[in-house]
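Q: Using the hints provided, position chain B relative to the given structure of chain A.
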Amino acid sequence: MTDVNDRCKINILIVDDEDLIRKALSRCFSNKGHHVVSAENGVIALEHLKSENIDLMILDLLMPEKNGFDVLTEMKKNIPVIVISAFSGTATDHFSSDEYPQVVGFIKKPFEHLNTVIEHIEGLYENYIRKI
Amino acid sequence: MNLIVQPIYKKYIKDDPLFLKNGHTIQCLIGDSGFLSLHQKTGDKTFMITAADHIAISSIKDVIPTYIFKISDIEKTSEPLNMALHKELLDIKKKYKINLAKTDVEQKRSELEHLNYFLKNKSDEKEITLADFHAKELVKKNKEKKLLSFLDYLNSEYEKSDFILEVLKNIWQDIKKTGTFYRLGFVIQSPNDNDKQKIDIVEFDGKIDRAKSISSDNEIQVPELNQFLANVFKRPVGKLISFFTEKDKNKFIFFFEAQAMDYDIIEIEAYMLDRISLLSIVMQKWYAESAEIKLLNQWQHLFKSYKNPIHVIDQDYKLIQSNYAHGAEYGVKKCYQILALRDSPCLNCPLLLKTKESPKEVKNLVSIQGEEFEIINSEFSINKQNYFFMIYENENEISLLKSDMIQAEKMSTIGQLSNHLAHELNNPLTGLKLYAEMLLSEHRLVSPVYENDMNEVLKAISRSQIILQDLKQFANEDQTELVGVDISEIIKKTMTLLKSVLRNRRIFIDLKPTEILAQPNYLQQVLFNLIKNSCQAMDDKGTLKVYQIESDRYFDFIIEDNGPGLPPQILNQMFKPFFTTKQVGQGTGLGLFISQKLMRRMNADLIFNSKFNKGTQFILRFNK
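Just so you know, the sequences run in chain order A and B.
Using numbering that gives the first Met the number 0, the first residue of the first sequence is number 0, and each one after it goes up by one.
Using numbering that gives the first Met the number 0, the first residue of the second sequence is number 0, and each one after it goes up by one.
One or more hints might be untrue.
[To be verified] Label-pair distances were calculated between CB atoms; the ranges are:
id : chain 1 : residue 1 : chain 2 : residue 2 : range
1  : A       : GLY32     : B       : HIS422    : 32 to 40 angstroms
2  : A       : GLU51     : B       : HIS422    : 30 to 38 angstroms
3  : A       : ASN77     : B       : LYS623    : 52 to 60 angstroms
Bear in mind the hints are in silico, worked out from the structure with no lab data behind them.
From the three backbone atoms N, C-alpha and C, an ideal C-beta is built for every residue, glycine too.
Next comes chain A alone, as it looks inside the complex (with noise of 0.2 angstroms):
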C-alpha cells in the first residue's frame, strides 16, 4: 500500500453499520493519508454531508434507521458515492443512473482481500475524476 500524494487527498466518508468493516476502512484510508468520516447509520451520515466538505462515499445499502437508499435520496450534494452490499449479483438492477446518477460503483460483499478493496475503491474513484 503506497501513500497518495497531496494532490489525491480526499475526504471520504464511510458509512456502514458493522463496527470492524467501518473502522477497518477507515484506518487503512487514513493510513494513506485521506481524511475520513466514518457514519454508523443514513441519518448521521445526511448530517456528516451537510457539515462536511466530502469528495467521496462509500455507503453500505442495508443499515438500521435510515438505509443506503434513503440517503442516496436524500443528499442533495452532487457527489461520487460506491455502493457496498450483500445484495450482489443484482444490485446493478436496482439502481439506473437516471435515479441515481450518483453512484460510480458497486463492490459486493463479502470482500475478498482489503487491499483488493481499497484498491478497488481507488480505481473507481480515479475514473471518476477522469471522466469529469
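A: Relative to chain A, chain B alone:
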C-alpha cells in the same frame, strides 16, 4: 191299372180283377203292330214285331211282346188271350212290386250311404281339430319349456363374471335361425347421482363382444339408437330392430342389427316379446350388483392391504371381519386367539376396559406377539347387536413417525434460522476479515509469531465464510450460466478436495473425457457432496466407483458405493432439506437437497437408484 187296348179288339177282353185300380201304374198294351209302336215308351227303339193279322200283349216299356196271337184264332176263342193277359198283368204287377222293393232298398241304401258319408266326414273333421289342438298345445308347451330353460339358464349363469356375454351367445344361437344378423346387443340406461345418465352398452357379433359404459347428459331414445351406436363404437350401423322396456327411470333397449329384410320379423317379435321384460330385469339387476360387487371388492382390497391388523368383532370378541383371518374362522374364533395367540382378551383391550367400566383414561396399548400396538376403536350396532371396529397401530412406527415429524419441523426451523444467521454473520465476519488483514498489514514486520497468529485468524474466518456460503447456496437464485465442461476434469479437481474423507477407501474412476453443459462450481459441489456421503457411509475398506453410461438421450454418470445402502422408508425424504441419517453434528441435512437443486438448475437430474441393492447408487443425468 192302366191297360191300353186297341179299340177294335176291346170286344175280346174280359173283366179281370187285376184291372182294378189300386194306385199302381201298370201299363200294358194290347193291339196290332201299328198300335203298339204308337204307344210303346221305349225311347228310339221301336220294333215291328208282328205281321198284320196278329195282335200282341206287351208291357209299355218293353219292345219285345210277351204274347202274340193270330186274330183269326181270337175270333174263334178269346180265352187264351184273356189268360195270357191275366198272366202278363200278374207278371207286371210282380215286377212292379219287385221294382218297388228294389227302389226302396236302393233308397235305403243310398240313405245309409249318405249317413255313412256324413258320419265319416264328421269324424274326420273331429280328428283334424284334435290334431290341430294338439299341435297348438305342443307349440305352447315348447314355448313355455324354452322360456323356462331360458330362465334356468339365466339363473345358472348369473354368478359368472361373463354372464352378459353368455346370455348374448344364447340369444344369438336362437335368433340366427330366423335370419341373417350382423350383431345383437342392448343398452341399459339409468339416472346417475349427478343428473346424468349412466349408459351401459354391450354388443356381440357371434364372435367378439364389445362393451362400453358412458355417462351422458341426455337419455337415448329408440329412434336415435342407430346414430348413438355409430358414435359409441365408431363404425357404421345397419338396420336395427329394437325392443325396449321402461321401468321406473331405467330404460332397457335390446337391438338386432340385421341385413335388410333377411329375417323373419314375426318370429323375432314373438321371441323377444316373451323375453324382453325378463331380460331387462335380470340384466339391470346384474349391472347394479356387479357395480356393487366391484365396490365391495375395492373396499375389501383396501381393507386387506392395510399393513396393520384391522378387525370387526362382536361383544364376545368373535371375529366378524378382518384383514388377517380366514373365512372359516369368522364367527367362531376370537380376535385374541388368532391375532395375539392368547387364551384371554389382551390386557388394556378397549372392549375389556369398557365392560369393567374402568374410569381411568388408559391408552389402549396392547402387546401382540412382542410388539406394542395402540388400538383405535369405534362401536356401532346393527339390529341391536353391538360391534367393534378396531384398527391396530404399531406403537413403534407411530413414535418413529412422530420423531420424523419433529425432526422435519426442527430442521425447517434450523433452516430458516441458518439462512438468517448466514446473512447476519456475514457482515461481522467481513469486518473481522478486513480488520485482521489491516492489522496484519500494519504489523507484519513487528513479529513473525504475530503474523502467523493473524494468518490463523484469517483462515478461521475464511472457513466460517465457506460454511455460511454453503448455507446460503440453496436460497441463492442466481441465474446459472451453463458452459461446456469436461466432467472428468472436474472430478479430478474434486478428488483433491476430498483427500481427507477418501483415506484408505478404494476408488475406481472410469470416465472418458465427456463434454456436458454445466456450471463447473455447481457440478463440483454435487460431486463433492455425493462422494463425501458415500465415503462417510462406508467403512474404511469400502469401494467407491465413478463411471459413465451413455444412452441415446442421456449422459449418465454413476457414483456407487458398497456401503450399507439407504433404508427404503427414507426414499421419499432423502432429497428434502435438513433430512439426515447422520448423527447430530455430522451433517447439515442439506447435501442431497442442494445437490439435486443444483443439478436441476443445470437442466440435469440427480437420481437415486432404488433398485441397486449392493450399497448406494446415484446417477447424475445430463441431457445430450
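Q: Which numbered conditions among the earlier hints are violated in the structure presented, ordered from lowest to highest?
A: Going through the list in order, the structure violates no hint and respects every one.
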